[in-house]
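J.: Take a look at the letters that make up each chain.
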Amino acid sequence: MPQAYEAPPSTMAILEPRGPTQPAPDVSVVVPIYNERDNLAPLYSALTFALRDLGRSYEIVLVDDGSRDGGRNTMRALAAGDPHLRLVFFRRNYGQTAAMAAGFQQSRGRIVVTMDGDLQNDPADIGRLLERIDQGYDVVCGWRRNRQDRVATRLLPSRFANLLIARVTGARIHDTGCSLKAYRGWVVRTLHLYSDMHRFMAALGVGIGARITELPVRHHARHAGKSKYGLGRIFRVLADLVGIKMLINFAAHPIRWFLLLSLPLFFVAPALFVLGFVKVSVDGSWHWFQDYDLAAVAAGSVAFLVAANVFLLGFLAELQIKVSRFFRQRISVTAREASR
Amino acid sequence: MSVHTLVSVVVPIGNPEAQPQKVVTALYEALTQGGYAVEFVLVLDGPVGPVERQIESMQCSCPIKIVRLQGGGLGESIALSAGVARAEGIYIVNVPPYLQTEPEDVLKVVAALEAGADCVATWRTPRVDPWLNQLQSRLFNFMLRVVMGMPYHDLNSGTRGFRKQVLEEVSVYGELYRFLPVLALRQGFRVVEVKVRHREERGRAGFYGVGVYLRRLLDILAISFLTRFTQQPLRFFGYVGFLGMVLGVALAAQPIYAKLFLGVGLADRPLFVIGAILAAFGVQLIGFGLIGEIIIFTQAPNLRDYKVEEVIEGGAEVVSTHGEGSRGPSDPIAAVVDLLPVTATKGAPEPLPLPLPEHEGALPPPPRPAAIAINPAASATATSEGPPREMENGAAASPVDLTTMRVRELLPGEDSRWDAFVTRHPHGSFFHLSGWRRCTTEVFHHEPHYLIVEQGRRWIGVLPLFLVKSPFLGRNLISVPYGVYGGALAESLHAQQALLDYAAELGRRLAAGYVELRHLEERPGVRTNSQLYVTFRCNLPDDPAKVLPAIPKKARAEVRRARRPQGGEEVGHGLSVQSDCDLDMFFDLFAENKQRLGSPALPKRWFAALCEEFGRKVVFHRVVDPQGKTLAAVMSFLFRDTVNAYYSGSLTGINDTGANNLIYCGIMEWAVEEGFTRFDFGRSRLESGPAHFKKNMGFVSEPLRYEYILVGDGAKPPDFHPGNPKLDLPRRMWSKMPTMFANRLGARLSRYLP
Numbered sequence: 001m002p003q004a005y006e007a008p009p010s011t012m013a014i015l016e017p018r019g020p021t022q023p024a025p026d027v028s029v030v031v032p033i034y035n036e037r038d039n040l041a042p043l044y045s046a047l048t049f050a051l052r053d054l055g056r057s058y059e060i061v062l063v064d065d066g067s068r069d070g071g072r073n074t075m076r077a078l079a080a081g082d083p084h085l086r087l088v089f090f091r092r093n094y095g096q097t098a099a100m101a102a103g104f105q106q107s108r109g110r111i112v113v114t115m116d117g118d119l120q121n122d123p124a125d126i127g128r129l130l131e132r133i134d135q136g137y138d139v140v141c142g143w144r145r146n147r148q149d150r151v152a153t154r155l156l157p158s159r160f161a162n163l164l165i166a167r168v169t170g171a172r173i174h175d176t177g178c179s180l181k182a183y184r185g186w187v188v189r190t191l192h193l194y195s196d197m198h199r200f201m202a203a204l205g206v207g208i209g210a211r212i213t214e215l216p217v218r219h220h221a222r223h224a225g226k227s228k229y230g231l232g233r234i235f236r237v238l239a240d241l242v243g244i245k246m247l248i249n250f251a252a253h254p255i256r257w258f259l260l261l262s263l264p265l266f267f268v269a270p271a272l273f274v275l276g277f278v279k280v281s282v283d284g285s286w287h288w289f290q291d292y293d294l295a296a297v298a299a300g301s302v303a304f305l306v307a308a309n310v311f312l313l314g315f316l317a318e319l320q321i322k323v324s325r326f327f328r329q330r331i332s333v334t335a336r337e338a339s340r
Numbered sequence: 001m002s003v004h005t006l007v008s009v010v011v012p013i014g015n016p017e018a019q020p021q022k023v024v025t026a027l028y029e030a031l032t033q034g035g036y037a038v039e040f041v042l043v044l045d046g047p048v049g050p051v052e053r054q055i056e057s058m059q060c061s062c063p064i065k066i067v068r069l070q071g072g073g074l075g076e077s078i079a080l081s082a083g084v085a086r087a088e089g090i091y092i093v094n095v096p097p098y099l100q101t102e103p104e105d106v107l108k109v110v111a112a113l114e115a116g117a118d119c120v121a122t123w124r125t126p127r128v129d130p131w132l133n134q135l136q137s138r139l140f141n142f143m144l145r146v147v148m149g150m151p152y153h154d155l156n157s158g159t160r161g162f163r164k165q166v167l168e169e170v171s172v173y174g175e176l177y178r179f180l181p182v183l184a185l186r187q188g189f190r191v192v193e194v195k196v197r198h199r200e201e202r203g204r205a206g207f208y209g210v211g212v213y214l215r216r217l218l219d220i221l222a223i224s225f226l227t228r229f230t231q232q233p234l235r236f237f238g239y240v241g242f243l244g245m246v247l248g249v250a251l252a253a254q255p256i257y258a259k260l261f262l263g264v265g266l267a268d269r270p271l272f273v274i275g276a277i278l279a280a281f282g283v284q285l286i287g288f289g290l291i292g293e294i295i296i297f298t299q300a301p302n303l304r305d306y307k308v309e310e311v312i313e314g315g316a317e318v319v320s321t322h323g324e325g326s327r328g329p330s331d332p333i334a335a336v337v338d339l340l341p342v343t344a345t346k347g348a349p350e351p352l353p354l355p356l357p358e359h360e361g362a363l364p365p366p367p368r369p370a371a372i373a374i375n376p377a378a379s380a381t382a383t384s385e386g387p388p389r390e391m392e393n394g395a396a397a398s399p400v401d402l403t404t405m406r407v408r409e410l411l412p413g414e415d416s417r418w419d420a421f422v423t424r425h426p427h428g429s430f431f432h433l434s435g436w437r438r439c440t441t442e443v444f445h446h447e448p449h450y451l452i453v454e455q456g457r458r459w460i461g462v463l464p465l466f467l468v469k470s471p472f473l474g475r476n477l478i479s480v481p482y483g484v485y486g487g488a489l490a491e492s493l494h495a496q497q498a499l500l501d502y503a504a505e506l507g508r509r510l511a512a513g514y515v516e517l518r519h520l521e522e523r524p525g526v527r528t529n530s531q532l533y534v535t536f537r538c539n540l541p542d543d544p545a546k547v548l549p550a551i552p553k554k555a556r557a558e559v560r561r562a563r564r565p566q567g568g569e570e571v572g573h574g575l576s577v578q579s580d581c582d583l584d585m586f587f588d589l590f591a592e593n594k595q596r597l598g599s600p601a602l603p604k605r606w607f608a609a610l611c612e613e614f615g616r617k618v619v620f621h622r623v624v625d626p627q628g629k630t631l632a633a634v635m636s637f638l639f640r641d642t643v644n645a646y647y648s649g650s651l652t653g654i655n656d657t658g659a660n661n662l663i664y665c666g667i668m669e670w671a672v673e674e675g676f677t678r679f680d681f682g683r684s685r686l687e688s689g690p691a692h693f694k695k696n697m698g699f700v701s702e703p704l705r706y707e708y709i710l711v712g713d714g715a716k717p718p719d720f721h722p723g724n725p726k727l728d729l730p731r732r733m734w735s736k737m738p739t740m741f742a743n744r745l746g747a748r749l750s751r752y753l754p
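Taken in order, these protein sequences are the chains called A and B. Going by this note's numbering, the first sequence opens with residue 1, and the numbers climb by one from there. Going by this note's numbering, the second sequence opens with residue 1, and the numbers climb by one from there.
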């Protein structure tokens, strides 16, 4: 009988970084930086201190997301003295996801660790994350158990958002918002980030068959600079969540998602048709074919037309998925997962 | 401010009233006084005869480049792009072909560029053109500001400055040159606006045509859409759609309530219809948002819409900032960085200083012998290393070469090496030869991927593949189309595995459904096998006279009857097998036969290509009756010691003459005479008519081990074979078609039935 061909691990080589001149380091730490001038030196020394004693080769990739506070000069000065440092400068501010994506692009490590540039994460936790990776996990998420943020504007919305994200995506993580995470290289090099997707990296990882776990990490209050988040992102997170849900669960068969979308209209349309052919008198009795309501029939037709339209859009989605390379990779990754 | 910074002034000239001379003179003066070097690029776009004469007579002490656009009237975007492509300066100033602004103000633009801006928009103020134009222009910019939130006041101004890099990364087309600052800003360039004094304005006064306004409006919409919503289509569409849905349901709810419970009809409730349409539209918008999201997600690798300005590798000087003792041998990066400069000084600079002192004053020596003479150690190692590697294949290669296998595609000029490998390999076949590649690509245009696995410089395996795109079967990699044998030829299991892995990867990359390997012999490894086909082969006797007795009784009688002269006591047909057949005779019979069977025939070009490519490796035989009429013909391939009877054709209604039996008997006799030792009767579908025919001729069937590596989503091996009952109707229809039509169409169709 036909059997799906299982890709051997060797074919995954295309996802591994192609080393230019230097051998790929064991660990890459990617840190997006935006206007963190006063945090840079402490961050650098904390990172170096933490990484140096791990006994692994490492690199630190600082991605400057268009800072305008003069922090770049500090970064250049740091880089001049340390070959472990790699700097990526953006032309302007593109947001954290783009910075992460660029960091992933530039990183060469077998394991990629991400963290915030504001020192709210503790680099000393990196070693513990790496141990988890060594145990066989593909993604290890940090979990800020004791968050040091103001309750009303950050903590409550975040709790709610996390609950929702965990429920909807199926990635049972307490704290998706924590930037301190460790990934195996193939995970970040398979996922291409856009928009605000960095928040859903873990969920997307589950979607491509990565083993995921979480680990309580320390969390410090900001001591320099100011927070860049607010309440305004909640609606956007919700909209993104719908998209993520679709991408994770319906990726292989997007037409189902479109069917789901059009299904209510498929029910509404006949109901409206019925309304068009019935006269309801004040006492609640229905008289069939006595009084015709053209408006209801027209509305029913429109509903039907749109339902069919939306359903057919699903075919376009199927096409797009079929031609995409991502889902081929996803399949080969899953095959690798199965063979392990 | 550096004195020699080159500024390129690009002037697109589209109408005959232009005054390039005035522009060139004024700007040259202004810019040189500002301390810049200037060049002008004049782009002539359209019928600009008088201007051209003006340019020819122009005197200027700076370089003027003239770009003539073929055809003309191509528009300002193209003119601008063409001009910038020829410009050599880093800073580009784009001005209209008349003095729109005070020449000194162009200096401001350049100064802004030099201060770090990537793109400079100008704001003509105060303006001097008619109030109506001003009003329109203001309206346009006001809309831009409101719709797109862009801070620019005067995008219509023809004076712009930008770095060359901007136009290399921002593509402008149509009317989009106007929006260059907006597009550049979106790409992450730094854009500033400078005020310039307006001097004069050319071009239309008053109102433009309706189409112009419409186009502007569409431009604004398209750009604002692109800049804002391409990143998050679901956010935008989902938001608007959700709003529409809620609003629509709210509008329609009351009328429906009234209809159901208050006895009020819907007929005169317009809000109900509007609400229903709004809600439906909302659902549709959400659908569009989802589609957009899927597209963005799947294309995300190509849509890298951030711009990296600079990547800095750390550690020019390897001074440890974090203590000396801590860096141990456990840190390979540090070790590499430490080593790199050392190896560099050892290798590169050595030959340079050496020749100088010794050969001073001597005859000019050719550099290479000199180096050898002076540096005997180096030359000795060079000579001892070089030639052996050339001579002995792999013997002198380093141990690394022996262990690493590498799969790559066949390069031009390696065909004869390929053929040698195929001929040497025990599983090699005629269809593996590189000639098959040339024919298949030439006639059917399938994309070839001939894979080689190498160990060092030694070839240890080959796999010919073709990407065949067929409306019936989809995209697939096939080894090899139109051949019955194919697949991997490897010297070891590892080599074969490397080839198949690469093929699977290639299949994924090319979005193929499956990789079909037409293996004759069973290969190790578990894959999807199709045992639909069998093949028939036999060893030939050493004497032509022994061929006939080896055929079973019934078929032997047929052959005898076919040969026996007509008009004797026993029934005879007087047929004979001749090897004087040519392509034309063969093809007529082949095509007729195919149509009778209801399958499309391969085009004649294919056979012609095979004949031309393989020459005497292709032979034809035919059966002729006493009147000289050809009854049947066979095209055979000769490979090594084997004759492969491959394509055949026969007239209708000759079954009782025994011509079919006779021709194969005749070919076998011919083969023995020519010294071949094996006969290959070719592939047949299991339990089909031809298979029985071949069995009757005394051949034993061998199963073919076709293998399928499924790589695509939901791919399955093809069941598009002639025995599929689904194809019954098309086949019967095909056989009823007029011959000429069937041949023409078949030639096209058969391409997709590899």
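Take these hints with a grain of salt, some might be off.
Unchecked claim - Under the rule of at most 35 Å between Cα atoms (straight-line distance), these lysine-lysine pairs were calculated in the DSBU-like manner:
# : chain 1 : residue 1 : chain 2 : residue 2
1 : B       : K195      : A       : K322
2 : B       : K695      : A       : K245
3 : B       : K554      : B       : K695
4 : A       : K322      : B       : K716
5 : B       : K22       : B       : K195
6 : B       : K469      : A       : K322
7 : B       : K307      : A       : K245
8 : B       : K604      : B       : K617
Note that these hints are calculated values from the structure, not bench results. These figures come from a predicted structure and were not determined experimentally.
J.: Can you list which hints this structure breaks, lowest number first?
T.: 1, 2
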